[in-house]
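All chains, full assembly: derive it from the sequences and hints.
Number of protein chains: 2
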Amino acid sequence: MTTLRPTLGERELALRTRARRVIPGGMYGHMAVEAFSTAHPQFMVSGDGCRVTDADGREYFDLMCGWGPVVLGHRHPGVAAAVADQLSRGDCLDGTSPLAVELAELLVDTVPSADWAMFCKNGTDATTTCVTIARAATGRRKVMVANGAYHGAVPWCSLRGAGVTDEDQAHLVHFEYNDLASAEAAAAAAEGDLAAIIVCPMRHDIRRDQELADPAFARGLRALADRTGAVLILDDVRCGYRLDLGGSWEPLGVRPDLAAWSKAIANGQALGAVTGIEALRDAARSVYVTGSFWYAAVPLAAGLATLTELRKGTALPDMARTGTRLREGLAAQALSHGFQIRQTGPVQMPVLYFAGDDDVRLGTAWAEAAVENGVYLHPWHNWFLSAAHTDDDIEEILTRTEAAFATVARM
Amino acid sequence: MTTLRPTLGERELALRTRARRVIPGGMYGHMAVEAFSTAHPQFMVSGDGCRVTDADGREYFDLMCGWGPVVLGHRHPGVAAAVADQLSRGDCLDGTSPLAVELAELLVDTVPSADWAMFCKNGTDATTTCVTIARAATGRRKVMVANGAYHGAVPWCSLRGAGVTDEDQAHLVHFEYNDLASAEAAAAAAEGDLAAIIVCPMRHDIRRDQELADPAFARGLRALADRTGAVLILDDVRCGYRLDLGGSWEPLGVRPDLAAWSKAIANGQALGAVTGIEALRDAARSVYVTGSFWYAAVPLAAGLATLTELRKGTALPDMARTGTRLREGLAAQALSHGFQIRQTGPVQMPVLYFAGDDDVRLGTAWAEAAVENGVYLHPWHNWFLSAAHTDDDIEEILTRTEAAFATVARM
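Taken in order, these protein sequences are the chains called S and A. Using this note's numbering, you'd call the opening residue of the first sequence number 60 and step up by one each time. Using this note's numbering, you'd call the opening residue of the second sequence number 60 and step up by one each time.
Hints were generated in silico from the structure; no laboratory data involved. A few of these clues could be false.
[As the list claims (entries may be wrong)] Label pairs and their in silico Cβ distance ranges: (1) S:Glu235 x A:Gly251: 36 to 44 angstroms; (2) S:Ala229 x A:Gly305: 34 to 42 angstroms; (3) A:Asp238 x S:Thr66: 56 to 64 angstroms; (4) S:Leu72 x A:Gly305: 25 to 33 angstroms; (5) A:Ala140 x S:Pro310: 44 to 52 angstroms; (6) S:Gln228 x A:Trp439: 34 to 42 angstroms; (7) A:Thr367 x S:Glu235: 49 to 57 angstroms; (8) A:Thr76 x S:Thr76: 56 to 64 angstroms; (9) S:Thr76 x A:Gly305: 21 to 29 angstroms; (10) A:Gly251 x S:Ala229: 18 to 26 angstroms; (11) A:Met470 x S:Glu250: 54 to 62 angstroms; (12) S:Arg278 x A:Ala140: 47 to 55 angstroms; (13) A:Glu250 x S:Asn206: 30 to 38 angstroms; (14) A:Gly251 x S:Glu93: 34 to 42 angstroms.
[What the hints assert, rightly or not] Covered stretches of chain A, as calculated for chain S (at least 3 residues, CB under 8 angstroms): (15) 71–79; (16) 208–220; (17) 324–333.
[To be verified] From chain A, some residues computed to sit far from chain S (all C-beta separations above 12 angstroms): (18) His233; (19) Asn237; (20) Asp238; (21) Ala248; (22) Asp264; (23) Arg266; (24) Gly305; (25) Leu375; (26) Arg384; (27) Ala390; (28) Ile400; (29) Asp418; (30) Leu457; (31) Glu461; (32) Thr466; (33) Arg469.
Note that CB positions come from ideal geometry on N, CA and C, so glycine has one too.
Structure representation (structure tokens):
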């Protein structure tokens, strides 16, 4: 691996020029790199373990893990073998793969709040299905959502206004994360029409510190749902499989009625899932949700291999250990360079901000310097660790982030 | 291949028992087989060309092609090689695959109405994105939709009521397919607030004859969109890549402003796309749509291999020829057994109903007999041919449908 990348590569630049002609703005969604960096490559061609390679052949230690999905590392041998094996037989068939039953059984066995499971493709498919089931079950319409929380990128939950009508979000009622009084007020405002409370396991909104859920807040939402007859939906799309295999609020002793899963559940193959309690089985049966690729065998095979590997029990503790070392190392480096920083959220899903850097200008410069030194991370979206990050990888990453701190210290 | 299947297999039955415990209703969406048959297997394990195999090892000639996606046949060598090659390098990375640019370029080169492209996973992602772009472009809210038309399975376009609120569909304005006067009336009802007209290339609603678009109707919708400043969206999810590579209304000389694609565009890998005209590029850039798996390399590699193969020019004429032979053969068989049948829609996407069979009871019995004789087809959803169906396959399929007609003739 080379260590200094002063400019974007030639192939990257050529691809961006071509992309601007045939893709609006040159890219869309969270992969539109120009929205957050002048140094990050937009295009990548390969991955191996905890490393990714861009179009110019530059290799990076990967602290985004495909923005979450890659929990075991790129091209994990066990998952790759399951994928290759199923591909050799078939993928998108006229009927469901029996692997859907196997994976549903394994989820029910792994997730205490799950009596059943359904599969889909996107995280947004899963959150939308949860809300639809909750409305079908309760015959009510209102859905409580935390201010600024991301539950997908379709009109009913979009955080951006373009193309969204007032009616798309007419039944959303907002509360403040970790503020139970605001949640009580939101429930009161819903006046007997409250179908669901949808909530992430922690506050992981972009461009701000992450906040772990206050256990009293989580328990309070559970009690509020019980008291009002609303469905408690845990949006575990981003956190799922990194904090606790049984669901990210298991350590708090709070179990949702429905949970939305995606990202990491098939180590990068396109898969989402909804799990739910027995009392919501009939409602789940009553809604019509489907997609051409939802029953395909290969992502289900990947999902089964991923959960089987994770259930061996070493991956999550490994990520906690390496994440802790990364956090400690970054803290020491910042201190030694005279920077005050904030590292928030669980160590497996870190984010780093500089004190007083409200516009994230310094944070962006540091992230750009990290990329130029061969560590791919984000200035204002949480990062992700994987089980493929070894202790040695973390040390090497820290060597490079040290260089990034040195760069911004010279600015 | 065996020729008679009097009962569901043991593994099928065992899987259904297990599925009922861990999946609501034993299955969801269009794969919930008990909603349409007592004889169709719900579970499938492999596919090869135009054949699929169920959990009990029973092989079927495939006339559903994974409900559309498999346009070149299961495990098509060219697509399989592209998938294996990309898998050997990586799939879900931190940046977009350069293949997104290549595929966007190839779509722009292939589809006359496409000046740009964006990629997603589900057909519903594509239709939802089209509507969002249209609203962003026009600043208007109303969307004209044909009665009974399927544009996806999420609340804004759902055809079922469970879990759907009035507000989800508050801005839909309905018209009757192939009835231009009803479309004019719907546009008038939208009173200057018409953002879009979304329409399928033909009427392919379930449980009824398919109707090709009347060219005057298609041209009339185009003129109506132009006159009102609305965006004409062609939902080519189901028909795309089977009727005309340039878009299913190219033969009519009618070009949409936006088109939604999915199903067949990656021969079974999860991929959707939106294509659009230059005038909508900025609006497409302004909406925030994204998904964790939308930028993954493997489905894009499959999409590139699929379109490259189709552009060689033989697949579509082949499907037209084999579809014509299938239609002629089925017509002759029905006649010889004294049945009046209706075969409607393009020959590559056939459906068959018996005269006077309004509850599709006879049609279901015939479809079940077909399955028992080793041909997988549907009683009331259109079928799909693929380029893997040879003339000999069609003759063998007809031998088996002859047996199915004989079975229902004895009833």
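Quiz item: Taking 44 to 52 angstroms as the hint, is the beta-carbon distance of A:Ala140 and S:Pro310 inside that range?
Solution: 46 angstroms, holds
Quiz item: When you look at the beta carbon of A:Arg384, is every beta carbon of chain S farther off than 12 angstroms?
Solution: 22 angstroms, holds
Practice problem: For A:Gly251 and S:Glu93, compare the CB-CB distance with the range 34 to 42 angstroms and indicate the outcome. | Solution: 36 angstroms, holds
Quiz prompt | Whether chain S covers the segment 208–220 of chain A (at least 3 residues having a Cβ closer than 8 angstroms to its Cβ atoms) | solution = holds (count 7)
Quiz item: Hey, does A:Ala390 actually stay past 12 angstroms from chain S on C-beta?
Solution: 24 angstroms, holds
Self-check item: Least C-beta distance from A:His233 to chain S larger than 12 angstroms
Solution: At roughly 16 angstroms from the nearest Cβ of chain S, A:His233 sits farther out than 12 angstroms, so the non-interface label holds.
Practice problem: Confirm or reject the claim that S:Leu72 and A:Gly305 have a C-beta distance inside 25 to 33 angstroms. | Solution: Holds - the Cβ-Cβ distance for S:Leu72 and A:Gly305, about 31 angstroms, lies within 25 to 33 angstroms.
Quiz item: At the C-beta level, are S:Thr76 and A:Gly305 separated by a distance inside 21 to 29 angstroms?
Solution: 26 angstroms, holds
Quiz item: Has the hinted range 18 to 26 angstroms been met by the Cβ atoms of A:Gly251 and S:Ala229?
Solution: Cβ of A:Gly251 to Cβ of S:Ala229: about 22 angstroms, so the range 18 to 26 angstroms holds.
Practice problem: State, for the Cβ atoms of A:Thr76 and S:Thr76, whether the hinted interval 56 to 64 angstroms holds or is violated. | Solution: Given about 57 angstroms between the Cβ atoms, the range holds.
Quiz item: Does A:Gly305 sit more than 12 angstroms from chain S, CB to CB?
Solution: 16 angstroms, holds
Self-check item: Outcome for the supplied range 56 to 64 angstroms, where the beta carbon pair is A:Asp238 and S:Thr66
Solution: 59 angstroms, holds
Going down the numbered hints, you'll see the structure goes against none, and every one checks out.
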